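Given next are the chains, with one letter for each unit.
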Amino acid sequence: MSSHCPRLIWAFLGWGALALVGSLSGCVEAVPQDAIEAVENIDRDLMELRAAELSPTDYTQFARQWMALKARVQADEDLIRWPWEPNDLEVALRRLQEEGSRTVARLTKERESHRRSAEDKIARVEDRFRMMTLQVSAIDSRFVLGQKPDEIELLMKQAHAFYEEGRYDRSLDASDRAAQNLATEAAVLSSELGRYADRDRISRWQQMAKGTITWSRIHRTSAIVINKADRVLTLYRNGQKVLSYPVRLGFNGIREKQYHGDGATPEGRYRISSKGGQEQTQFYRALVLDYPNEDDRRRYQLWRKTGQIPASRAIGEQIEIHGVESELMPQTLGCVMLDNPQMALLYDRVSKGTPVTIVGALHEQNSLALTLAALNDQREET
Amino acid sequence: MDKRFMMLPPMCSLLMFEACAKPSTEQIEAAEKTIKAGQANDASPYIPDEYAKIKGTLSALKEGVTPQDGKLALFRDYGEVWQLAVTAKSEAERLKTEGTEKKEETKASALQAQQVAQEVVPATLALVAKAPIGRDRATLESIKADGEALQSSLNQVRMAIDTADYPTAQTKAKAIHEKSQAVSREIETPLPRSERENPLRRRRNKVDLLYV
Chain A
1 MSSHCPRLIW AFLGWGALAL VGSLSGCVEA VPQDAIEAVE NIDRDLMELR AAELSPTDYT
61 QFARQWMALK ARVQADEDLI RWPWEPNDLE VALRRLQEEG SRTVARLTKE RESHRRSAED
121 KIARVEDRFR MMTLQVSAID SRFVLGQKPD EIELLMKQAH AFYEEGRYDR SLDASDRAAQ
181 NLATEAAVLS SELGRYADRD RISRWQQMAK GTITWSRIHR TSAIVINKAD RVLTLYRNGQ
241 KVLSYPVRLG FNGIREKQYH GDGATPEGRY RISSKGGQEQ TQFYRALVLD YPNEDDRRRY
301 QLWRKTGQIP ASRAIGEQIE IHGVESELMP QTLGCVMLDN PQMALLYDRV SKGTPVTIVG
361 ALHEQNSLAL TLAALNDQRE ET
Chain B
1 MDKRFMMLPP MCSLLMFEAC AKPSTEQIEA AEKTIKAGQA NDASPYIPDE YAKIKGTLSA
61 LKEGVTPQDG KLALFRDYGE VWQLAVTAKS EAERLKTEGT EKKEETKASA LQAQQVAQEV
121 VPATLALVAK APIGRDRATL ESIKADGEAL QSSLNQVRMA IDTADYPTAQ TKAKAIHEKS
181 QAVSREIETP LPRSERENPL RRRRNKVDLL YV
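In the order they appear, the protein sequences are chains A and B.
Under this note's numbering, residues 1 to 382 are what the first sequence spells out, in order.
Under this note's numbering, residues 1 to 212 are what the second sequence spells out, in order.
In case anyone wonders, no lab produced these hints; they're calculated from the structure.
Just so you know, these numbers come straight off a predicted model, no measurement behind them.
Watch out, some of these pointers could steer you wrong.
[What the hints assert, rightly or not] List of simulated lysine-lysine pairs, DSSO-like, C-alpha gap at most 30 Å:
(1) B:K36 <-> B:K130
(2) B:K102 <-> A:K148
(3) B:K36 <-> A:K148
(4) B:K102 <-> A:K157
[Claimed, not checked] Covered by chain B, per the in silico footprint, the following chain A stretches (three or more residues, Cβ under 8 Å):
(5) 156-164
(6) 358-370
[Said to hold, decoys possible] Computed list of chain B residues with no C-beta within reach of chain A, every gap over 12 Å:
(7) E29
(8) K36
(9) E50
(10) E101
(11) K103
(12) E104
(13) V116
(14) K144
(15) S184
The C-beta atom is built at its ideal place from N, Cα and C for all residues, glycine as well.
So here's chain A without its partners, still in its complex pose (with noise of 0.2 Å):
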């Protein structure tokens, strides 16, 4: 019996440490750091999401939650419990991992759509200067603009930074703009270059060319039509076109003449005041005009009064039309300009008192009222 006592201890020790391991083994610690992770990890990419700029809603909701679930896992991080007891903490941080998951899910979806439209935005408007600049350089109207191309560029560039920093929508604010400004120069050569498509206008220019060639058959002499949208030069002996020269304008020539250095080129009725031959001029040769006559001074004198000009600008004067040697002198400060050879022709056949009708266009469908229509239907598609 004595021995057996012993023997009965130890073995009811042995099955009591053997239980006490056991439950021991079975509890579990009451703050599921799996789970911590699987949130924090969400947390980190909702920031590298900048979910708290692009749906503030949203990553208010999850970091609300968060720091409460995180001041409850401070609370909760020594305790153990049983594993068949509810563990609302773990609940709760699973649900937020979800919900979180589902959020960094749907706001990929749109940060992807943000960049993709930021991406396009930035495409079209590019693609729409791109265009604008060669129209505009193809009639020579980039002086009308000022400004704005330059503008227009360095919006472009802003949005170009914001994309490359991932802040898709400040790119495509600053696209918006840059298109606003592109709206802005076709609604300024519409404004400005409007008369080129303005059917009484260009009825006015048609009457008025015809009167010159009529002037020409009459008087049994030669007269002069420019036109300045085809930017031809035509010369009529007897009411019949003799011949026909390409010419150049000045540097803004397609505009209205206002005032001395606009580099515009004149419109209207002229007659050629003197003709300089070789030793007269510094372009080969030159036939002076009578700008500015009576008209343009009366206009100049309305410019001024209604405030379309600054009162410092003097009235512009020395118009010709006269040679050049150099093929890289496209455009001049506002004459009209042929090449030697064809002004050497022209120069022999007309004399001082020569009638030269400089006038916009002769035809509805000329090359600057194609443009604005270009220009427009674009506008209307963007």
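Place chain B on chain A using the hints.
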């Protein structure tokens, strides 16, 4: 033993309970105040996620106070809330400093970009002022227009800085810098000899053209 001494332990316990039974409103208010100060200082947009989190902590704090308020004073325990409030307050202060630092960093970068642009643009304008030999009038006028546009764009950078829109100021200044360099390159690129005009004729042309 004196009866008064016998009352001492329960009194001390009561005091202890009373201390723990007080909500940490001061700490919460202090944290809230610091957050508001950070927002007033425009620091929050620079670390929006951090600010969202601290606000989350604050609302968790307030939610933690409510159940304790519902209990009998003797059983209230604001210990955890108090601990959290202390952490929130120090966190709010850290955010205020960090947000302000980030804002200052962005501002410094914007100012630096502005300074670079301010130095480059006048240099470009000086180049524009020198009529480059061999350029036609239209190119010259186009370059001049570019120069004027750069000058007026610098004002836009200044305006963006004045309104604390530093990211816009920075990107604009960088764009101006790039454009300025492009304009300078255009001016400085020598034309091929065959395309250069005769400087003598150019001078003569200039005299004639001045009247227009």
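Q: Just pull the numbers of the violated hints for me, sorted ascending.
A: 1, 2, 3, 6, 9 and 14
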